[in-house]
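Protein chains in written order, with our numbering: chain C, 1 to 261; chain U, 1 to 277.
Possibly wrong hints are sitting among the right ones.
[What the hints assert, rightly or not] What the simulated footprint calls covered on chain C by chain U, stretch by stretch (three residues with Cβ under 8 Å from a Cβ of chain U suffice, anywhere in the stretch; the number is not a length): (1) 20 to 30; (2) 98 to 108; (3) 235 to 243.
Calculated directly from the structure, the hints in this document are not laboratory data. Glycine is no exception: its CB is placed at the ideal position from the N, C-alpha and C atoms.
Here's the letter readout for the chains.
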Amino acid sequence: MKKRGFADFFFLFFVLYLVLPIVATTLYAFSSKWNKTILPEGLTFKWLATLFQDAEFIQAFGRSVLLSGGAVGVAMFVIVPAIFVIVLYFPQYEKFIQVAVVMVYSFPGVILAVGLIRVYTTVGVPMILVVLGAYVIGILPYIYQGTRNSLRSVDARQLLDAAQLLGASKRQAFMTILLPTVYPGLFAGALLSFSVLFGEFVLINLVVGSRFETVQIYLMKKLSSSGHIASAVVFIYLVLMGLLTFVIALLTKRSKGVTNI
Amino acid sequence: MISKRQSFAWLVPFLLLVLLFFLVPLLYMVISSFSTSKGFTLEHYQSVLTNDYILQGFKNSITLSAISAVIALIVTLFAVYAIMRFSESAREKILILTNLTSNFSGIPLAFAFIVLLGNSGLFTLLFEKWDIGALSSFSLYSWSGLLLIYIYFQMPLALMLLYPIYDGIQQQWKEAAALLGASTWQFWLKIGIPVMLPGIVGTFSVLFANAMGAYASAYALTSSNYNLVAIRIGALIKGDIFAQPELASAIAVLLAVTMVMAMLLSEWSIKKTRGKL
């Protein structure tokens, strides 16, 4: 059919457009020399080795993991219980959370950065804590989505009531029945949040700057000095994102399986 | 009831965080955009709206966002049409690829495009070798270069938003239309597209807002040289020229207003689609 071929052409373009930059950067990360020829002149592991011997990079990586992981950790202890409480006990207020989700999702970092700097530079709070706080709120949409989806698919209210009817304490019901069932969705939300924060540049760059060098800031610095090292950083970043995406896909599949019980 | 009050305690830290790191900064920003040491004023807005450079930044941002949104939307609309006919496992793989690439934005994405189209990029060399004059004068560090990058990060988002909208078109409708003698073209023209239209408009405004707020890719490519609203705000608050924080606040408020308007349009049109389906 003629029209089918037409749509397939766009599909091909779509996939090529998305894949080509990834392939080219990966190739660049492994090429010994590649600035006068169409294809690299030779392949090497030199750049990756150099990168892993660079203490600055290792530290930057550690900072990124610490900051993103810290924010996700705080969100798990602050946001997740709040969503549980609202969904289970105050469903009439859920629309407020939804409004907050839409607002957080749609306000870009560059606007929030102005407000954060205006409020906190004069107060004397370490700015890195301000970014951490903003990160915790920034991942609200992903955490909410993950928690909400898994709560919806198991009908948490009924499950808790049933457990208590059979003699479980409130705490027992929550810890042994509800938490394990929503765990895959929650974990997927946490990983997604982590991967989003790991790529965050705007807030950390504008609010804190090079005083707290994350992987993104390290990459920005290398962009002008060494293309090969930069491509090695991007390659590592892509591998990490690929792994996270893969695990998230597996988890989502599993939590969808729970629905069928 | 004790248990309710106890559970309410779980909400306090959450509300506190929202207040401290979201609502208060935004409110303070709005207030400071309207104030001087003497009190209420509109002078910051006046200086934004009479400053040709800042206005040009708005114009650049709006055209870049709108055009990248339209192109990504058109490509993805047809791509999703093709994807819908694939097997379930193939569709799943495409969605995973899309999820992966949706994280590929900002600085890493800008770098990937430098590898492809930068001064000694793969395609730049190809164009020179083949001596394609029009293409070899292409510069990644310009409006059209930014457009390519913006299209890149818009497409995965467009796919994720359009996918469920396509899913809403039911096979039975197509069969019913075919039974009544409609061709495929007629079905899409008279039924499919009108049903999806509000959803498509909604997707457009989400994409538009997404691009309006984007900062990192443009910053990585042109540092503060290319004039976009987000870049202007960044330059005003980052170190060097922070003498006018109120001005940055006013620009940020105007940017927020543009985006809120786009989002409201999307809310409204998505509600309209839901009503129809």
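Okay, the hints, checked on the actual structure:
1. 20 to 30: holds (count 6)
2. 98 to 108: holds (count 7)
3. 235 to 243: holds (count 4)
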